[in-house]
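A.B. asks: Residue numbers (the working numbering), protein chains in the order written: chain A, 1 to 459; chain B, 1001 to 1482; chain C, 2001 to 2253.
Check before you lean on any hint, since a few could be wrong.
Unchecked claim - DSS-like mimics (lysine-lysine), calculated; alpha carbons at most 30 Å apart, straight line:
#, chain 1, residue 1, chain 2, residue 2
1, C, 2223, C, 2014
2, A, 12, B, 1067
3, C, 2122, A, 438
4, A, 438, C, 2100
5, B, 1381, B, 1353
6, C, 2014, B, 1199
7, C, 2151, C, 2122
8, A, 347, B, 1278
9, A, 379, B, 1426
10, A, 58, B, 1347
11, B, 1018, B, 1092
12, B, 1058, A, 53
13, C, 2014, B, 1381
14, B, 1347, B, 1471
15, C, 2025, C, 2065
16, B, 1046, B, 1058
17, C, 2018, C, 2239
18, A, 53, B, 1065
Stated by the list, open to error - Sample of chain B residues with no beta-carbon within 10 Å of chain A, all distances over it, derived:
#, residue
19, 1101
20, 1107
21, 1248
22, 1463
Honestly, the hints are just simulated from the structure, not real lab data. C-beta: ideal position from N, C-alpha, C; glycine also.
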Amino acid sequence: MNTTTQNQETEKLFRESFTKNRDTIERFSAGLMNGRRQEALEHFMQLGIPGKKTESYKYTDMPGLFNPMLHMNLQPNHVHMDVKEIFQCDVPKLDTHMIFLVNGFLPPNSPPLEELEGKALVGSLAEAARRYPELLEKHYDRYTSLNPEGLVSLNTAFAQDGLFLYIPNGTELERPVQVVNMSVWEDNLMIQQRNLFIVGKNSAASLIICDHTLAPWRFLNNAVTEIFLDKQARFDLSRIQNENNSSQHISHTFARQETASTLTSNTITLHGGLVRNNFYALLNGEHAENNTYGLYLSDRHQHIDNFSFIDHAAPHCTSNQLFKGVLDDQATGAFTGRILVRQDAQKTLAYQSNNNILLTDEARMHSKPQLEIYADDVKCSHGATVGQLDPAALFYLRSRGINYREARLMLMYAFAHDIISHIAVPPFRERIDDLVDKRLRGELSRCNACHINCGKLNY
Amino acid sequence: MEKEQDKLLREVTTGEYKYGFYTDIEMDTIPPGLSEEVIRKISLLKGEPGFMLDFRLKAFRHWQKMKMPRWAHLKIPEIDFDRIVYYAAPRKKEGLSSLDEVDPELLETFNKLGIPLDEQKHLTGVAVDAVMDSVSVKTTFRETLAELGIIFCSFSDAVREHPDLVKKYMGSVVPYSDNFFAALNSAVFSDGSFCYIPKGVRCPMELSTYFRINAANTGQFERTLIVAEEDSYVSYLEGCTAPMRDENQLHAAIVEIVAMKGAEVKYSTVQNWYPGDKQGQGGIYNFVTKRGICRGERSKISWTQVETGSAITWKYPSCILQGDHSVGEFYSVAVTNHFQQADTGTKMIHIGKNTKSTVVSKGISAGRSNNSYRGLVKVLKNAQNARNFSQCDSLLLGDRCGAHTFPYLEVDNQSAIVEHEATTSKIGEDQIFYCNQRGISTEDAIGLIVNGYAREVINKLPMEFAVEAQKLLQISLEGSVG
Amino acid sequence: MLSIQNLHVSIEGKPILKGISLEVKPGEIHAIMGPNGSGKSTLAAVLAGRDLFEVTEGKIMYMGKNLMDMAPEERAREGIFLGFQYPVEIPGVSMVNFMKTAVNEQRKYRGEESLSASDFLKFMREKKDLVEFDSQLTNRSVNEGFSGGEKKKNEIFQMAMLNPRLSILDETDSGLDIDALRIVARGVNKLRNKENATIVITHYQRLLDYIIPDYVHVLYDGKIVRSSGKELAMELEEKGYDWIRQEYAGNGK
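Turn these sequences into a full structure, and let the hints guide you.
C.D. replies: In structure tokens, the structure reads:
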């Protein structure tokens, strides 16, 4: 059987699963989330799962992952233990409003939607669809069209819940919101989470997302996040990915930014079997600013693929993309960064950089920075490097009595720190600093008080 | 300031293509269309040995199964391959005393193009193989070069006189199955140049091929093969032009270079095919596969190209760095104006140890054109200590054009250092003002600045051609001020 | 303290040092002079353990141990300090963290307790004052964005922090103006005592006005062609290196 027919087979099975489970899917979701399913499924059937011939998935095998026979969790789980008890993120001085999601759902025993200062809302997206249909009508599934692809449609067809964050106009959240995404099951599991973040005019918020697995199984996450920043909104998104080595995490983040808004996102990938992060940002109003940063530290057979696409559709916007990675053992990595400057987006400043360090002969890296520019009065640049730790710097450190291992760690840490320094919430930044240091030392890179079970690699 | 530029834009409409004339001569042609029949006819007309026909037919059968590549950042209209003439040769006039004597009308044509085929008149130190449409018209300095053991002749002559060499190397770097256009070329190519430099010989003069498309509705499919034996050196040049016509014409060529241990080959191209008019009518579709292999240790292949012509350019001169310590270089200036489209760049494949490659690409876009750099740097698993540095800059003149950069870095060896840098910008208004203040017109100022920008690449060209290339840059950009 | 016997060194098969012998005792200052390309910096790098070079023949003993068996960091902890001709910029590694790690590694090696953060800062302040090092610079990454003079002063500051037995100063005077040169020399002189020794590598006699050597050696084409007292430096300053070239070029072949 060739791959195309094999894929068609897979897609057919997803349709069957959809038809069979539709009642359950819709019962544990609501409103527009259900309203968009059928159309999304048809889209998915047309687009399919992107194969290696799809330029943007050239280096990561998607059809191999998406097995429709994988169990899907279609209703919120009654977690018998108190999640807050087993999971205490011991970030010192980190005063956040904390929310837990288990397998993509808000647990039934937590309040579905909470009101924060200034009538800001945080909680379940399904609940928001129920209570605020007009907000979803305006924003739900509106920004995914930046890059239509099968996996996003698959999510729209199946997603039932996820995080909803709404900051009304003129509101600045003082405390960051922290979301802990946990995957826990007694077998392999597929999770399709959906998030929507809306930040109103002149508003500001910080969000921290921690992705964790609490069991050693293969968790396949196909998560979609949509972000809307209204005029002069400021939003900081820090994400730490720390999942077991059997896990596979595909995330799609779509942001639409209006005039003078600022979005800064930081994704720190510490652990994960296979990680693919897609970032799309549409700079739709003048003077919008986008900063997309990523750090990935991988070893063993881990595979980490970052894809970012910044679309400059309005003049006077600025974007910075910086991705850095350290690859050890047989780890493989990929990076694709694209800057598109549309015809009228004059005075654009767009920068992009991807730097990689390969620590072993077997580690591999593929990097594809791209510029596509249709306006002349712009300053754009990109750069990519793949190399090793600087031998001259290494010798300099050793000549001062610092041992080889420590000198290497210092240089790796310095390399990584460049990204961490952009994290907005200071205590969180310090915590990440510490985690990265531990991660590089090969010590357990997890919050000390939580019981993540980082499974062995399946190979 | 802005207004002055607008005015200039309207006024300057004199960016003429100097080589757009047509020579009315009698031609032998095979009627348009592509079939095994036509291929057999080409092979028969050229009196080729059996292995050539086999090669052509294999390529043709493979081509029939292939699809036109669509991955480049180009809008390529459908090409009807059955409406193209695949063979058109200037008819030998009766009454010419010897086979070597060339029709005076053809000599005059090449004179007009600035390529005198008379050895006495010719630029000193340059030997030329002049190709019109499907056949080679004359190769100069053949005898002089032969004294050193250098073979420099048309591809057809090479097939006749050195079949073993042709058989050994043809298709060894670019197999007929390589890509759609390479397969097409392998099936129908009619002539081209062949060059063989024996061991230890430093070719004393520049070798060059001049390609001229003359006949209407004709595609040009030529093939160049350069073999440099151990410790030899050759510098090779390629130039080309075509008449101005409203129809598009296809040019699908192949260049193969083989460099043995210690050999160095420098290949320079000044590509000036008819680019189409200001409305985007006509012009050559230039789909070319150029590739060299550094087979032996310390061999070196260097590509330099100045691309100003063609309606569409699709071309990626590449180096396979197989020998240890081998070196690959790619220096490119690509200018697009009006409705031209270019997707060009290089591939550097590092296989041997301690291999090194350098890529310098300067793109200049004006009018409504689109100009893309596309390049691959691949370091294979055993290519210890590979080094690559790529610098790709784009300059935009006007706000209706596009400049794009698509590098691919694939590194499978940790001892590699691969670096890519790219910038995109426009000419600084302060630079233009500075020139204006010193009495230099805006148009001239842009010419100056663009030439300065491209200097790093132009300097790699042999002297006579560097001057020509500079003029060409200026002409290509006429009418682009905005 | 240091005994080099018939040292031959090459890089990528090309011989650079062709049989060097040198004895350095505690309390001594040796100056090694010579024209560019004579192998001065190679000698310094080999003593510090740079792996670019291959020792093809000969022996280096340091404090009774075979130096060639030791990793660069071990040599440093044993008290060998190299003042780099071109100190390396290391973005992202702070000076404080760098020095703290180095000092505590050395203390650990000697079986001493690590310094607490506050003790370390105090210690660092003292040394900064001693060698007149600008206090702002220690807040930055190692050598990053430092001027040429600042980099050289930073080397002397690190020397003060690590209190080496044997300091090798590789062209520490190059690129320094006269004021910076005086500060650097003062630092070196303050750190000098009966127990430690210094090898000053320089092209010019200038530095030796401030750091008075006990011995001067002339290195030419990978060999020490003359050794004498400090008056040799004066002679070189007067006559340049040409006479050495004339005198020894023939002998090399």
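A.B. asks: If you check each hint against the structure, which ones fail?
C.D. replies: none
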